[in-house]
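Colleague: Guided by the hints, dock chains B, C and D onto chain A, whose structure is given.
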Amino acid sequence: MSLTLLNAVIAVFIAICFVGLNAAYLVWCERKGAGFYQRRPGPMENGLWGLLQPPIDGVKLMTKQLLIPGGVDKAIFMVAPVLAMFPALISFVTIPFSETIVAHPINVGVLMIFASAALGGMSLLVAGWGSRNKYAMISSVRAVSQTVAYEIPLLITTITVVMICGSLNLSDIVQHQLGGFWNWNIWPFQKSVGYNLLMPISFLILFVCAVAETNRAPFDLGEAESELVAGFHTEYSSMGFGLFFMGEYANIVIGSCLITILFLGGWSCPIGDLGFFPFTNNVGWFLLKIYLIIFVFIWIRWTFPRTTIYGLLNLSWKYLIPISLFNLLLTAGLLKVF
Amino acid sequence: MSIQETTKQALSELFIDQATDTVIAEPPPAATEESVDQEEAVRLPGVIDQNYDTKGFHLDALVEHEQLVRAAEILFGLGFFIESITGVDWIKEDQLEAVYDFSRYDFELCRVVVRVFIPRTDPHLPTITGVYTGANWHERETHDFFGIVFDGHPHLIPLLLPEDADFHPLLKDFKA
Amino acid sequence: MSQPIELQKDETFVLNVGPQHPATHGVLRVKMTMDGENIYNAETVLGYIHRMHEKMAENRSYPQYMPNMGRLDYLSAMAFNHGYALVVERAAGIEVPERAEYIRVITVELNRVSSHLVWLGAFVLDLGGFTPLMYCFDDREQILDLLESVTGSRLTYCYFRFGGLYNDIDDEFIAGTHVFIKRMRKELKMYAKLVTGNIILMKRLKEHGPIDRDMCQRYGATGPVARGSGIDYDVRKNEPYSVYPDLDFDIPVYHECDSFARYMVRMDEMEQSLRIIEQALEKLPEGPVNPKKKPKIIKPPPGDYYAAVETARGNFGIRLVSDGTKNAYRLKLRSPTYSNMHLFDEACRGMLLADALAFMGSLDLVIPEMDR
Amino acid sequence: MGGYFTELFTGTKSLLDGMWVTLKEFPKRPVTLSYPHESVKMYRRFRGHIELIGDDEGKANCIVCGMCQRACPSGCITLAGEKPEGSKKKVLTSYILDFTTCSLCGSCVESCNFDALQFSNEYNLASTNKEDFIMDLLKRLEEQK
Chain A
1 MSLTLLNAVI
11 AVFIAICFVG
21 LNAAYLVWCE
31 RKGAGFYQRR
41 PGPMENGLWG
51 LLQPPIDGVK
61 LMTKQLLIPG
71 GVDKAIFMVA
81 PVLAMFPALI
91 SFVTIPFSET
101 IVAHPINVGV
111 LMIFASAALG
121 GMSLLVAGWG
131 SRNKYAMISS
141 VRAVSQTVAY
151 EIPLLITTIT
161 VVMICGSLNL
171 SDIVQHQLGG
181 FWNWNIWPFQ
191 KSVGYNLLMP
201 ISFLILFVCA
211 VAETNRAPFD
221 LGEAESELVA
231 GFHTEYSSMG
241 FGLFFMGEYA
251 NIVIGSCLIT
261 ILFLGGWSCP
271 IGDLGFFPFT
281 NNVGWFLLKI
291 YLIIFVFIWI
301 RWTFPRTTIY
311 GLLNLSWKYL
321 IPISLFNLLL
331 TAGLLKVF
Chain B
1 MSIQETTKQA
11 LSELFIDQAT
21 DTVIAEPPPA
31 ATEESVDQEE
41 AVRLPGVIDQ
51 NYDTKGFHLD
61 ALVEHEQLVR
71 AAEILFGLGF
81 FIESITGVDW
91 IKEDQLEAVY
101 DFSRYDFELC
111 RVVVRVFIPR
121 TDPHLPTITG
131 VYTGANWHER
141 ETHDFFGIVF
151 DGHPHLIPLL
161 LPEDADFHPL
171 LKDFKA
Chain C
1 MSQPIELQKD
11 ETFVLNVGPQ
21 HPATHGVLRV
31 KMTMDGENIY
41 NAETVLGYIH
51 RMHEKMAENR
61 SYPQYMPNMG
71 RLDYLSAMAF
81 NHGYALVVER
91 AAGIEVPERA
101 EYIRVITVEL
111 NRVSSHLVWL
121 GAFVLDLGGF
131 TPLMYCFDDR
141 EQILDLLESV
151 TGSRLTYCYF
161 RFGGLYNDID
171 DEFIAGTHVF
181 IKRMRKELKM
191 YAKLVTGNII
201 LMKRLKEHGP
211 IDRDMCQRYG
221 ATGPVARGSG
231 IDYDVRKNEP
241 YSVYPDLDFD
251 IPVYHECDSF
261 ARYMVRMDEM
271 EQSLRIIEQA
281 LEKLPEGPVN
291 PKKKPKIIKP
301 PPGDYYAAVE
311 TARGNFGIRL
321 VSDGTKNAYR
331 LKLRSPTYSN
341 MHLFDEACRG
351 MLLADALAFM
361 GSLDLVIPEM
371 DR
Chain D
1 MGGYFTELFT
11 GTKSLLDGMW
21 VTLKEFPKRP
31 VTLSYPHESV
41 KMYRRFRGHI
51 ELIGDDEGKA
61 NCIVCGMCQR
71 ACPSGCITLA
81 GEKPEGSKKK
91 VLTSYILDFT
101 TCSLCGSCVE
111 SCNFDALQFS
121 NEYNLASTNK
131 EDFIMDLLKR
141 LEEQK
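Chains as they are written, first to last, in the numbering used here: chain A, 1 to 338; chain B, 1 to 176; chain C, 1 to 372; chain D, 1 to 145.
Please keep in mind that the hints were generated in silico from the structure rather than gathered at the bench.
Cut-off 25 angstroms, straight-line C-alpha distance, at most; resulting in silico cross-link-like pairs (SDA-like, lysine to any residue): (1) C:LYS55 with B:GLY147; (2) C:LYS193 with D:PHE5; (3) D:LYS13 with A:ILE309; (4) C:LYS182 with D:PRO27; (5) C:LYS189 with D:LEU16; (6) B:LYS175 with C:HIS50; (7) A:LYS32 with D:TRP20; (8) C:LYS283 with C:GLU101; (9) C:LYS326 with B:THR54; (10) D:LYS24 with D:SER14; (11) A:LYS60 with D:PRO36; (12) C:LYS189 with A:GLY35; (13) B:LYS92 with C:LYS55; (14) D:LYS28 with A:PHE295; (15) A:LYS134 with A:VAL144; (16) C:LYS237 with C:GLU282; (17) C:LYS189 with D:SER14; (18) D:LYS89 with D:LEU138; (19) A:LYS32 with C:ARG140; (20) C:LYS237 with C:LYS283; (21) D:LYS24 with C:ARG183; (22) C:LYS31 with A:ALA230; (23) C:LYS294 with D:GLY66; (24) B:LYS55 with C:ASN238; (25) C:LYS55 with D:CYS102; (26) D:LYS139 with D:CYS102; (27) C:LYS182 with C:LEU133; (28) D:LYS24 with C:LEU188; (29) C:LYS326 with B:ASP173; (30) C:LYS186 with C:ASP138; (31) C:LYS294 with D:LEU104.
Okay, chain A solo, but in the shape it has when bound (with noise of 0.2 angstroms):
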């Protein structure tokens, strides 16, 4: 008992400590991209190509004053940004870095992750709510109306894969797809049900829905800084939000993660375990994966207009829950069929 609490709290610190990082160099990286996919080099005074950027911002939140404004309930203001930062670290509890990098396996990994995301959706309306402040108010039913709609063709997704794999378990799911690429779920043929041919698009659902669980552009509604002003972080300062802002980068990760080990295998080799160094079943895969997906993620937000609300919830019951409750139901009959 007390060995596997000391082991929780050692994956908590490591996680903290990933997450931190993780935040820290993603700003860094999505101001980058951000530079170079708008013809300008980004942050370059700081450092060699601006890499000391990341700390020297944080010091500087750090050392901001926390401002609360007039009139606020601060038990629930102050709560929010803590409340926005712990899910995303209790998820990283259960994620798989690889066969043996995990901080606690859980045989119902799945079912975790998507409890603390819900948690997440919650410190937006906590923030807004406790914010006093009109635009942080309407940012903060936005966020919670589309986490709402989006976890519902997210879930559905979700149990496909775990139906062909057969395990709620995160490393199960992942060991089902070892072996080479071509054993991913992402592909229209699968060991165990043949053809599905909507597998793929399963794949760019859970990825649209990734991103709009993250609060990401184009589904940025929460924050729309040219409607809402900074949405639901408007009146935080300082480490408040720096915590959002981790907060959300750290949700970008797990989503990333989420998507890595439901779809394209995890920490397993693409070409199969040849057995000597790159090209075994290791952690480098699967990290080299998630940046991929946050790559992807960083395009996509310095492409695209934001939706409205009405537009992201159309896209999710017109097409996403429709397409995805279609290849769960194929699903079931192709693993009856075979």
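Modeller: What follows is chains B, C and D alone, placed relative to chain A:
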């Protein structure tokens, strides 16, 4: 019949019941040598043609202030849109002039200017917001700058000036 | 979609959009009464950057007032200068040499393209897309460099003089303009792919922000706003001035009356402006750019004069009342966005906040010009 | 139903088109200039603040006619001159430009008939001190020599 003639005729009907039958056929002012003040002072209500090349507009209507709304209605019916409303302060004559500019969207070019003279003390005009909704801001602006009160205006509060402004900067006797 | 919703007056709250808000592009304030995210009504509050340019005109001589024009609409300062030059030339009876007229047209049209580029970038930024802004500014930079090499400044040009120009253009400028036109044609295709075709953008603009013909007439809307509502009104065609009658160009008109129509009008106008510039460069005659005889002190005869030009945002009119002295007796500036913005209140009722702000972006507002 | 799938297809295609455009920009070199490290060459006609033109000995060409002062719309030029004994021409003794109100319109340069004024190429004019913008152009001319 060109739109200029149609408009002129339509506007002229405003002045028919004014007993002076010479008004309609008033010739365009040929001589501009005499000072504009005298010319404006003797001018009677009516519509006159103007030389577009030198003036920049075609028809010039001087109306009494009770004819103003009717004139706007006529122009609206003929498909004119409102360009602007403004004032001119003729301090020597102790008069304020309100100038309404109208123009057309189609290729029959016709710019119409409607003028009203009102006394400088206690200037009142009827609003034309009932005809042209867009006159709202123009009238508010004119109220800001000249203090002309537009009777019946739905929301006559300062627009460009601060909300507590009680001065009218474009009056010639305004000192900052 | 923004279906007509029964909005309850007693369940509303007031949302102050501006005077400091990212979507208002300046110090415009819109007091929106909202029912949830739907707008019940919107009262525009102007005057945060009001500088009383009209009073300044009464205290400055005619040439001294010229720099003020660039401060009205910082994005198409050239067209505003043109309007002012036109009215004074009309009043004082000054002839303009042909070469000067052509150069005026070239610079005004270049300025129009640059203004539309800023609008495009800022408009897509309003919709949440950041990258096109940077591309637009990159393209605009080429125009600003060209104009800077001729006029000496980048934004408030003050390039026109009564009867002529500040100085002549050189071969370098002509060559640079040809290069720019070639580049811009390519870039317009790129924008069509990146922005115009984008499904998200189309969904946000099509059938949103309706302005019909009747509304335009009542409010006096002009420029791309009117042309997006099926009104083929363009001062350059309807009331030809300068050498526009000699040049072959079309007025893009769209009949959909929505934000997308206004968007398309501006995109097509850039293409047309390039055409105008190309032709004007071809026809550019030799000769002086300033008239041989010009009154030393400009004193127009008493009377009132009117001139209108087509700026990037619509019909800019100037009414000049002269009393025969060297200062104007009264100068009225009729700015296009003033009328265009006025219809916002009526048009935005029942819209969602996001749509209303997209609609506001499609009106292409420049606040200093509105407040004057 | 047909419209449903057409829209799905064209919509997705338009998004991919857009992504292709931005991806093509990704490897290109930036077009910006890292300003404090490098700066653009100013155009010959660039309108900076005005400065006096001197002759070879560094004496100002200005004959103190005051045309520029009268031409200035915002009244930002103050100049004074005196007639030294035995000389016919006035000599400039001070030429102050109040740059805080100058709008760089160039009316002064145009009004000058004696080739005494020109635009400088200065554009690094930011300062936190208001006094920096009250410029003594005569001193500036002397310093240039």
